[in-house]
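Visitor: Please model the entire structure based on the sequences and the hints provided.
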Amino acid sequence: MTVPKSPTRPTGFSVLRAGRGSFLLHRRATLVAAVLGAVLAVTAVVYLCVGESFVSPVEVVRVLSSAVGGGQPSPDEFVVGTLRMPRLVVGLLAGAAFGIAGALIQTVARNPLASPDVIGVTHGAGAATVAAMTFGLTAHTTLPYVSILGGLAAASLVYVFAWRRGLHAARFVLIGIGISVALGSLTQLLLTKGDYLVAQQAKVWLTGSLNGRGYDHALPLASILLVLTPALFWAARAQRTVSFDDDTATALGVRLGRVRLCLTALGVVLASVATSAAGPVDFVALLAPQIARRLTRTAQIPLAGSALTGALIMAVADLLARKLFSPIELPVGVLTAAVGAPYLMWLIVRTRSRFGGAA
Amino acid sequence: MTGNRLRAEGLVLTYEDRTVVDGLDLEIPDGQVTVIIGPNACGKSTLLRALGRLLKPRRGAVLLDGAELSRIPTKRVAQEIGLLPQTPVPPEGITVSELVTRGRQPHHKWWQQWTEADEKAVGEAMDRTGTGDLAERPVDELSGGQRQRAWIAMALAQDTGLLLLDEPTTYLDIAHQVEVLDLVRQLNRERGRTVVVVLHDLNQAARYADHLIAMKAGRIVAQGAPRDIITADLVREVFGLTSVVVPDPVTGGPLVVPSAPWQRG
Numbered sequence: 052m053t054v055p056k057s058p059t060r061p062t063g064f065s066v067l068r069a070g071r072g073s074f075l076l077h078r079r080a081t082l083v084a085a086v087l088g089a090v091l092a093v094t095a096v097v098y099l100c101v102g103e104s105f106v107s108p109v110e111v112v113r114v115l116s117s118a119v120g121g122g123q124p125s126p127d128e129f130v131v132g133t134l135r136m137p138r139l140v141v142g143l144l145a146g147a148a149f150g151i152a153g154a155l156i157q158t159v160a161r162n163p164l165a166s167p168d169v170i171g172v173t174h175g176a177g178a179a180t181v182a183a184m185t186f187g188l189t190a191h192t193t194l195p196y197v198s199i200l201g202g203l204a205a206a207s208l209v210y211v212f213a214w215r216r217g218l219h220a221a222r223f224v225l226i227g228i229g230i231s232v233a234l235g236s237l238t239q240l241l242l243t244k245g246d247y248l249v250a251q252q253a254k255v256w257l258t259g260s261l262n263g264r265g266y267d268h269a270l271p272l273a274s275i276l277l278v279l280t281p282a283l284f285w286a287a288r289a290q291r292t293v294s295f296d297d298d299t300a301t302a303l304g305v306r307l308g309r310v311r312l313c314l315t316a317l318g319v320v321l322a323s324v325a326t327s328a329a330g331p332v333d334f335v336a337l338l339a340p341q342i343a344r345r346l347t348r349t350a351q352i353p354l355a356g357s358a359l360t361g362a363l364i365m366a367v368a369d370l371l372a373r374k375l376f377s378p379i380e381l382p383v384g385v386l387t388a389a390v391g392a393p394y395l396m397w398l399i400v401r402t403r404s405r406f407g408g409a410a
Numbered sequence: 009m010t011g012n013r014l015r016a017e018g019l020v021l022t023y024e025d026r027t028v029v030d031g032l033d034l035e036i037p038d039g040q041v042t043v044i045i046g047p048n049a050c051g052k053s054t055l056l057r058a059l060g061r062l063l064k065p066r067r068g069a070v071l072l073d074g075a076e077l078s079r080i081p082t083k084r085v086a087q088e089i090g091l092l093p094q095t096p097v098p099p100e101g102i103t104v105s106e107l108v109t110r111g112r113q114p115h116h117k118w119w120q121q122w123t124e125a126d127e128k129a130v131g132e133a134m135d136r137t138g139t140g141d142l143a144e145r146p147v148d149e150l151s152g153g154q155r156q157r158a159w160i161a162m163a164l165a166q167d168t169g170l171l172l173l174d175e176p177t178t179y180l181d182i183a184h185q186v187e188v189l190d191l192v193r194q195l196n197r198e199r200g201r202t203v204v205v206v207l208h209d210l211n212q213a214a215r216y217a218d219h220l221i222a223m224k225a226g227r228i229v230a231q232g233a234p235r236d237i238i239t240a241d242l243v244r245e246v247f248g249l250t251s252v253v254v255p256d257p258v259t260g261g262p263l264v265v266p267s268a269p270w271q272r273g
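If you're matching them up, the sequences are chains A and B in order.
Residues 52 to 410, numbered by our numbering, are exactly what the first sequence covers, in order.
Residues 9 to 273, numbered by our numbering, are exactly what the second sequence covers, in order.
If you are wondering where the hints come from, they were derived from the structure by calculation, not from laboratory data.
None of these values were measured; they are calculated from a predicted model.
For each residue, glycine too, the CB sits at the ideal point set by N, CA and C.
There's no promise every hint is true.
Derived Cβ-Cβ restraints for the label pairs, each shown as a range [stated by the list, open to error]:
1. R78/A - W118/B: 17 to 27 Å
2. L240/A - H208/B: 33 to 43 Å
3. K56/A - D181/B: 25 to 35 Å
Guide: Okay, here's the thing in structure tokens:
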């Protein structure tokens with residue numbers, strides 16, 4: 052057999068071989084992930100340094116290494132290790148989960164507008180959580196699951212209303228926005244009817260705040276992310292075919308209905324758990340995947356890149372939220388909304404002009 | 009003609025409640041180019057979609073190697089039947105080489121996503137379609153003809169014994185139409201692939217088909233070698249067009265020339 056003259060591999064990919072296994076690796080996406088990881092590490096150190104009192108980076112690194120390897124306890128242990136560290140961890144994990152959730156749902160809907168915060172998932176999770184709180188359920192171990200149920204319920208609701216001989220992306224988004232608003236009102240109603248103290252607590256949580264978040268919030272989030280990791284590898288592969296039109300995807304041997312449902316469910320669960328930990332922080336899930344994709348220039352939204360970008364957005368936003376109007380702390384959701392809302396408007400205007408205003 | 013791989017029996021195809029094809033039996037001859045023609049809305053694309061399991065029959069069945077297509081796992085079907093829809097939509101910003109690579113998806117296992125067989129299939133598919141020079145270009149930026157060649161390369165990389173093409177010449181100018189059809193012909197001749205093509209143009213169908221299927225209103229009016237079945241009567245029956253059938257000056261096959269009622273005397 053003659054050797055083909057044409058390239059035998061996709062441009063920009065390297066083949067990774069391990070025993071009989073073989074994988075395609077997008078070089079630019081790998082590089083971007085490495086750079087994002089490095090930027091994230093630096094941001095994390097800065098995050099731990101900055102606050103009401105400044106702790107030098109050297110001291111931060113010492114606290115971190117003593118936490119890992121024992122050694123001399125640092126005098127800054129309390130500020131860095133007890134006050135700032137848990138909050139940072141929750142922020143990073145929630146940001147990563149939001150980023151992946153956005154990437155998955157935008158992929159399935161083939162629409163950059165369709166992120167879990169726009170289509171009602173986070174609001175569903177929020178409403179369910181507030182309802183649970185109003186009825187006296189405040190355990191950090193249970194709330195994430197209540198949140199997941201709320202997110203799934205909202206997603207199913209959107210699905211049922213948007214389904215009309217198939218799922219049209221624009222209708223999906225519009226109905227999602229409608230459901231979001233309805234669920235927002237429901238949440239407000241619960242707040243007015245409920246106990247004053249609970250309402251106070253829930254209100255702060257609802258703007259998306261990392262204030263007072265501890266490891267007990269991080270634990271459910273971390274374990275669910277860990278458990279879902281194999282599913283995410285599957286999802287990254289499924290993304291390659293789902294990003295075609297329905298007929299082409301089916302012709303390539305994809306059980307489209309089932310794959311879409313699984314990807315959506317995965318995204319909804321991740322967004323809901325992140326919401327439970329950090330509150331319904333808006334726009335991280337909307338922004339992160341699109342930024343990541345522009346960086347990697349891949350043909351589908353990169354999951355690792357979205358996770359890292361989401362985590363970075365959360366860390367930077369919360370850093371600014373803590374420091375910008377110091378000593379007053381803003382909820383991180385206010386910061387992400389300040390950046391995200393104009394982007395959303397721009398996206399809607401652009402989508403309208405591209406599709407001639409048809410929805 | 010028994011023993012052909014792809015057959016349909018008592019096929020009833022509907023969209024919503026509208027019956028498009030009602031009780032159709034069909035065999036696709038192995039190793040030949042079959043062209044399906046017919047007027048708009050005669051059900052030819054619908055039939056092709058059913059042959060490629062994109063549309064589930066209301067009644068009857070499409071059989072692949074004697075097994076009901078809808079009962080074979082879709083990934084297994086994708087290893088045997090390649091299908092190119094009329095207007096496929098590529099993932100945003102995808103390059104030609106990556107698009108062609110996606111054709112290998114049905115052959116991958118989760119731990120083996122790139123093997124030597126993949127390299128060979130992709131390289132050959134790009135060689136055959138002349139898309140090697142376009143490898144790094146985004147599909148969105150290609151001309152119509154180049155884009156169509158890239159899609160065909162993807163379908164070829166899938167390396168299936170059967171290839172179904174739904175109007176692969178739509179939106180192409182005449183030179184690119186001929187180019188694409190020559191390519192299809194060549195694939196069939198050199199690799200013995202069974203090809204089924206839906207075409208609009210009767211004369212192209214006559215030239216490129218080994219086996220021609222003429223459809224009207226969801227049923228088969230005539231089928232066979234173009235020389236045997238294309239007559240002025242058939243053209244009138246299928247398309248409602250008066251014409252003269254003359255020998256094609258290039259191939260000697262039938263050439264349909266529409267008559268000109270406005271030019272009398």
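Visitor: If a hint holds in the structure, say so; if it does not, say that too.
Guide: Evaluated hints:
1. Restraint check, R78/A to W118/B: a C-beta distance of roughly 21 Å satisfies the suggested window 17 to 27 Å.
2. Hint check: L240/A to H208/B, Cβ distance near 59 Å, so the stated range 33 to 43 Å is violated.
3. Distance hint for K56/A and D181/B: a CB-CB separation of about 27 Å, consistent with the stated range 25 to 35 Å.
Hint compliance for this structure: hint 2 alone is broken.
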